[in-house]
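Enquirer: Spelled out, the chains give:
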Amino acid sequence: MPLVVLGIESTAHTFGVGIAREDGKILANVNSTYIPTYGGILPREAARHHTNVAHKVVLKALRKSGIRLEDIDGIAVALGPGLGPCLRVGAFIARILALSYDKPLIPVNHAVAHVEIARLAVSARDPLFVYVSGGNTQIVAYSQGRYRVFGETLDIPIGNFFDTLARELGLPQPGTPQIERLAKEGKNIMDLPYIVKGQDVSYSGLLTAILRKFRGNVSLEDLCLSAMEYAYAMLAEVVERALAHTQKRELVLAGGVARSRRLQDIMQYIAEEHDAIFKVVPDEYAGDNGAMIAWTGVLCLKSGITIQPEESMIRQRWRIDEVDVPWMR
Amino acid sequence: MDAIRCEVLAKGAEAIIYKEVWYGFVVVRKVRIPKRYRDARLDRTLRIRRTINEARLLYDARRLGVSVPAIIDIIVDSTTIIMEYIEGIRLRDELNNMSINEIAKIMRKVGILVGTLHSNGIVHGDLTTSNMIMSKSGNIFLIDFGLGMHSDDLEDIGVDLHVFLRALESTHTHVADICFHQFLKGYKEVMGEDKVKRAVDKVYEIRARGRYVPSELRK
Chain L
103 MPLVVLGIES TAHTFGVGIA REDGKILANV NSTYIPTYGG ILPREAARHH TNVAHKVVLK
163 ALRKSGIRLE DIDGIAVALG PGLGPCLRVG AFIARILALS YDKPLIPVNH AVAHVEIARL
223 AVSARDPLFV YVSGGNTQIV AYSQGRYRVF GETLDIPIGN FFDTLARELG LPQPGTPQIE
283 RLAKEGKNIM DLPYIVKGQD VSYSGLLTAI LRKFRGNVSL EDLCLSAMEY AYAMLAEVVE
343 RALAHTQKRE LVLAGGVARS RRLQDIMQYI AEEHDAIFKV VPDEYAGDNG AMIAWTGVLC
403 LKSGITIQPE ESMIRQRWRI DEVDVPWMR
Chain W
985 MDAIRCEVLA KGAEAIIYKE VWYGFVVVRK VRIPKRYRDA RLDRTLRIRR TINEARLLYD
1045 ARRLGVSVPA IIDIIVDSTT IIMEYIEGIR LRDELNNMSI NEIAKIMRKV GILVGTLHSN
1105 GIVHGDLTTS NMIMSKSGNI FLIDFGLGMH SDDLEDIGVD LHVFLRALES THTHVADICF
1165 HQFLKGYKEV MGEDKVKRAV DKVYEIRARG RYVPSELRK
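As they're listed, the protein sequences go chains L and W. Numbered by the numbering used here, the letters in the first sequence go through residues 103 to 431 in order. Numbered by the numbering used here, the letters in the second sequence go through residues 985 to 1203 in order.
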């Protein structure tokens, strides 16, 4: 019988449960996302949402997969990185399931899960990942037993940059598609700070500068166009450098912001220039989801990575390059 | 143009470097090439900004007495810098064949050059032995200030040193320690003990962030 793992995601706004089988088949992927009525994510509000939907999401995933909890081989959970109150909900439910059904508990790093589900979905072998979302912006590739970071944001993630900008401009959430939509109507590029430091980017200064312009008399469309072009150009530059440096032959775009068409186009160009194959994670696995935790749980379980429930502390700042990935060897 | 002979010296991600003869003089022409993935206007703005930035840094470095190629002309419109051609050998290619004494002497000189830049608020941005040329007289020239900037920030200085140390470790593995040690000797002469200690501590702090992989481990 192939291994089957149930995975729980609750690092930020999404509570998700996925069920994955050893052969790479995703049997269920049920997600419920907390949408704030006003402003950004309040960790406690999001956690309350997770608590309310948790049992329904678990049951729905089980029903979809047609598998009984008794027949599952392990319970995987994203222990970090993420928001403390949200992480606690997922960890709590995972521990209970593992203890009451006597299943191994599998600790999964949320960032590793994003790149692993992308690798599975696009059938990549050993790519350079551009992992862009509301909570992370990292350029990552495998080397020496771990995923290593070859560039990242020094302050706010690119998705957070777009979300905050959208909110300040009075646009709905999530921000990236809103900014991209208005950018299509933009005509003029403004002069803004372009901040690349070595292999890293910084978006906070760009955000401040754009908001300052917004208070002046400028076209919203031009503002969005400028924000998008600057943000992506900065990212593109460090991606290009990382690709030249690592010499990887595949380039994979992962995370929620991977849905951006403009960003996909830019990455396609870069891949072509460096003779790499470009692939994008499918929409259903771009944002936070339970399936990615379940699938990474399968990989971990096969490598013998489990954790005792009493040791399964959440880790808000758990970096991708702190995690051994023996299955990549 | 009166270029008689033209050969491509190097092709980077950002620019193409040509060697040419102008009116009987050998020069280097560095042309920043457009990136088609960027908005055309933003692309042009960036290339112009960087061309001017590099030219300014080269000029400032030279005024400090640091040996760098002299700028002959800047053509902003075509994001081009024309500069002096430095006849000599790239340290990257020859360092591994040199005696320890020779290496020590050279690295001390490099330390003095970089110390002079850092103590005057210039960071090079890409300190590798590929960007160091030794002329026939034994003078060391620093080239390619494309990623450089004006900064007094300890973080920027630390990153500059870190990049250099990483380059030594990957390209000149067996003499890297000696190189860096001798480099720091020269560097101290200009920067002073206290500043060097803080800069070196910063390098180890940057390394401890744990995201840098030695290039020999690359696949």
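Hint data in this document are derived by calculation from the structure and do not stem from the laboratory. Every value quoted in this text rests on a predicted model; they were computed, and no experiment measured them. Treat the hints with care, as some may be off.
Claimed, not checked - 27 Å max Cα-Cα, derived BS3-like pairs, lysine-lysine: (1) K299(L) - K1181(W); (2) K1089(W) - K1181(W); (3) K995(W) - K299(L); (4) K1179(W) - K299(L); (5) K1089(W) - K995(W); (6) K1120(W) - K1093(W); (7) K299(L) - K1172(W).
As the list claims (entries may be wrong) - Among chain W residues calculated to face chain L with C-beta under 10 Å, some are: (8) I1000; (9) I1036; (10) K1093; (11) K1120; (12) N1123; (13) A1151.
Where a beta carbon is used, it is the ideal one built from N, C-alpha and C, also for glycine.
Enquirer: Each hint: holds or not?
Expert: For each hint, the structure was consulted:
1. K299(L) - K1181(W): Judged against 27 Å, a Cα distance of about 23 Å means the pair holds.
2. K1089(W) - K1181(W): Holds. K1089(W) to K1181(W) sits at ~22 Å (cutoff 27 Å).
3. K995(W) - K299(L): Answer holds: K995(W) to K299(L) is near 22 Å, not above 27 Å.
4. K1179(W) - K299(L): holds (22 Å)
5. K1089(W) - K995(W): Not OK: K1089(W) and K995(W) at ~31 Å, beyond 27 Å, violated.
6. K1120(W) - K1093(W): holds (15 Å)
7. K299(L) - K1172(W): Holds. K299(L) to K1172(W) sits at ~25 Å (cutoff 27 Å).
8. I1000: violated (14 Å)
9. I1036: At 14 Å from the nearest chain L Cβ, I1036(W) fails the 10 Å test, so the hint is violated.
10. K1093: violated (25 Å)
11. K1120: Violated: closest Cβ of chain L sits about 32 Å from K1120(W), beyond 10 Å.
12. N1123: At 28 Å from the nearest chain L Cβ, N1123(W) fails the 10 Å test, so the hint is violated.
13. A1151: Where the cut-off is 10 Å and the nearest Cβ of chain L is about 12 Å from A1151(W), the hint is violated.
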